[in-house]
Amino acid sequence: MRRLVEGSEALAEAAIAAGCRFFAGYPMTPFTELLESFAAKLPAAGGACINAESELEAIGMAWGAAATGARAATGSTGQGLALMQESLPELVRAELPLVVFNLARGQGDYFQATRGGGHGDYRLIVLAPIDVAEAVALTQEAFHLADRWRNPVLVLGDYLLAHTAEAVEVRALDFGPLPAKSWAADGSGGGRGRPRHVSSLGTTPGAKGIDPERAWRALQAKHEHIAAEEARCEAEGVADAELLVVAFGSLARFARHAARELRAEGARVGFFRPITLWPFPSQALATAAAGVRRVAVLEQNAGQMIDDVRLALLGSVPVVGIGGISTDPSGFGIGSLLDPDTVRGRIGGALR
Amino acid sequence: MSEVGAVRTGTFWPRLQLSPDHDLCPGCGEPLVLRLILELIEELGLAERAIGVVGIGCYTALAPLIDLDLIQALHGRAPSLATGAKRMRPDALLFTLQGDGDMVNEGLQEVIHTAARGERVTCILLNNGVFGETGGHMTATTVLGQRTKNTLEGRDAARHGHPIRLCELIAPLGGAAYVARGSVHDAAAVSKTRRLLRRAFESQLAGEGFSLVEVLTMCPTGWFVPTKEGPGYLDEVLGAVHGVGELKRDGKLAGA
Numbered sequence: 001m002r003r004l005v006e007g008s009e010a011l012a013e014a015a016i017a018a019g020c021r022f023f024a025g026y027p028m029t030p031f032t033e034l035l036e037s038f039a040a041k042l043p044a045a046g047g048a049c050i051n052a053e054s055e056l057e058a059i060g061m062a063w064g065a066a067a068t069g070a071r072a073a074t075g076s077t078g079q080g081l082a083l084m085q086e087s088l089p090e091l092v093r094a095e096l097p098l099v100v101f102n103l104a105r106g107q108g109d110y111f112q113a114t115r116g117g118g119h120g121d122y123r124l125i126v127l128a129p130i131d132v133a134e135a136v137a138l139t140q141e142a143f144h145l146a147d148r149w150r151n152p153v154l155v156l157g158d159y160l161l162a163h164t165a166e167a168v169e170v171r172a173l174d175f176g177p178l179p180a181k182s183w184a185a186d187g188s189g190g191g192r193g194r195p196r197h198v199s200s201l202g203t204t205p206g207a208k209g210i211d212p213e214r215a216w217r218a219l220q221a222k223h224e225h226i227a228a229e230e231a232r233c234e235a236e237g238v239a240d241a242e243l244l245v246v247a248f249g250s251l252a253r254f255a256r257h258a259a260r261e262l263r264a265e266g267a268r269v270g271f272f273r274p275i276t277l278w279p280f281p282s283q284a285l286a287t288a289a290a291g292v293r294r295v296a297v298l299e300q301n302a303g304q305m306i307d308d309v310r311l312a313l314l315g316s317v318p319v320v321g322i323g324g325i326s327t328d329p330s331g332f333g334i335g336s337l338l339d340p341d342t343v344r345g346r347i348g349g350a351l352r
Numbered sequence: 001m002s003e004v005g006a007v008r009t010g011t012f013w014p015r016l017q018l019s020p021d022h023d024l025c026p027g028c029g030e031p032l033v034l035r036l037i038l039e040l041i042e043e044l045g046l047a048e049r050a051i052g053v054v055g056i057g058c059y060t061a062l063a064p065l066i067d068l069d070l071i072q073a074l075h076g077r078a079p080s081l082a083t084g085a086k087r088m089r090p091d092a093l094l095f096t097l098q099g100d101g102d103m104v105n106e107g108l109q110e111v112i113h114t115a116a117r118g119e120r121v122t123c124i125l126l127n128n129g130v131f132g133e134t135g136g137h138m139t140a141t142t143v144l145g146q147r148t149k150n151t152l153e154g155r156d157a158a159r160h161g162h163p164i165r166l167c168e169l170i171a172p173l174g175g176a177a178y179v180a181r182g183s184v185h186d187a188a189a190v191s192k193t194r195r196l197l198r199r200a201f202e203s204q205l206a207g208e209g210f211s212l213v214e215v216l217t218m219c220p221t222g223w224f225v226p227t228k229e230g231p232g233y234l235d236e237v238l239g240a241v242h243g244v245g246e247l248k249r250d251g252k253l254a255g256a
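Chains as they are written, first to last, in our numbering: chain A, 1 to 352; chain B, 1 to 256.
Only chain A is shown next, with the shape it has when bound in the complex (with noise of 0.2 Å):
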């Protein structure tokens, strides 16, 4: 049955509903309620939430309960999830299943997501819902393709995304068989010769030294199989198109919405969004722009997915910038640019 949830709390009652049994956080706006909801309701599905010190420890604490098998997330907002770029590296290395929420100020976290700020060579999994309903699914998809791949999944929201109440049904998806977590440190492994180990650091039980060499080629193996098995997109209205608009996550609603209202009125735009925005759909998108006379990227930020869409198209097509910087005083995100009417009037501009 469909009720009326806000954003934060479907979240956690996905993640819930998806197996989550560990959450750790530190508050943070707009992320706060989504701590908030997991700490109201972790307990009662026999889970813990802790209120960690800092997001370095928040997420250290669902790498451990990660690390035993169990599913585990943790999350913050970008500033929080800066402090976690030591971890997410590591995580990846260690191959644990863990997901990540940045329910972010704005969308100026685009490169932090995409490309990370901690060391070596390392992808997340970025899932980027446009609204509550999406989210809920992704939420839950996103604990599964991390258990499927063994690799972190962070799943991109925003302000909006975290306090905009929707019409939702939050029950239990079945995304199909995972092997069993036989890598899993839960404790019980000890004794016999074979233990398990969860490190990042390329070691082998019973043998000295590290071979990162061989380990990190074989993660490059791993993320060249996500590329190409995970990318995923939403287009529209491309068929026949003169423009095509891209963008993704919240402000892609009002993209959307824009680009229907333009389009029963006879404008010949087509609208694309990344739903991966890690793997970035490129070929899709490629296919999608083949006829297009341009492209126009609207996003809340100084441009930055505008370079993964130029990778995508390689100078096939002209390609604009149609968003920026947009937030409110005190730096949320909640800026003017969302709001139909400008976004459209952007888009009429790009048409011209």
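What the hints contain is simulated information worked out from the structure, not anything from laboratory work.
Glycine included, C-beta positions come from ideal geometry on N, C-alpha and C.
Among these hints, one or two may not hold up.
Said to hold, decoys possible - Once the Cα atoms are required to be at most 30 Å apart in a straight line, the calculated DSS-like pairs of lysine-lysine come out as: (1) B:149 - B:228; (2) B:228 - A:208; (3) B:149 - A:208.
As the list claims (entries may be wrong) - To spell it out: a stretch of chain B is covered by chain A in this simulated footprint if at least three of its residues, at any positions, have a beta carbon under 8 Å from a beta carbon of chain A; those stretches are: (4) 24–37; (5) 88–94; (6) 106–113; (7) 227–237.
Model the placement of chain B on the given structure of chain A, informed by the hints.
Below, chain B without anything else, positioned relative to chain A:
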């Protein structure tokens, strides 16, 4: 090979150690502490109910030899990982293995908050007063006068500040149930340290709260001290400042 108790006689290495061959320096105290931990876990019958969390330092090279489920942490973060693991596996014995650079420099916040929360984990600090792995540099526990690679004339309070005595910092916290400091400078000290570690594990298993055992160890290559003089230097110089004994037991401060 015959076996007596938890150790194999002749080669003298614990059953829960996958190989006697390790990369640490001759004269280092850290493998001694590992031996004590592994013997105790065997003795307590916890091999299939234990999770270790290892920090970053020389002892990290010992981790692959441990026949227990393990999680490798980043420098300083082991108590946080142990927290998450313990919450998901409350029946398992959770212990961390960290050096003084790891626990008292980079990870001081983690160990303090883990103790304050009364997390039922045992943190084990291997304290040799230097960053051994980088070649012997000053840590937060380096004692005044101690020579290190970046305090060549000896640690000077005016220039380098004062050492942190971690057990004294942790013991007053409400969540800390057992806090003790031992040493491995001679056989009697090793045997006493074994008892401290056992009490810490028993305290955790009894659900009393957080436990910390700090063990003072020799660093034969990181110190400006000949290897054979290491144990004496440990006892007389580091031991004199940090002090050994139980600071808190059954949740009560010593002397309280």
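### Query
Which of the listed hints are broken here?
Numbers 4 and 7, in rising order.
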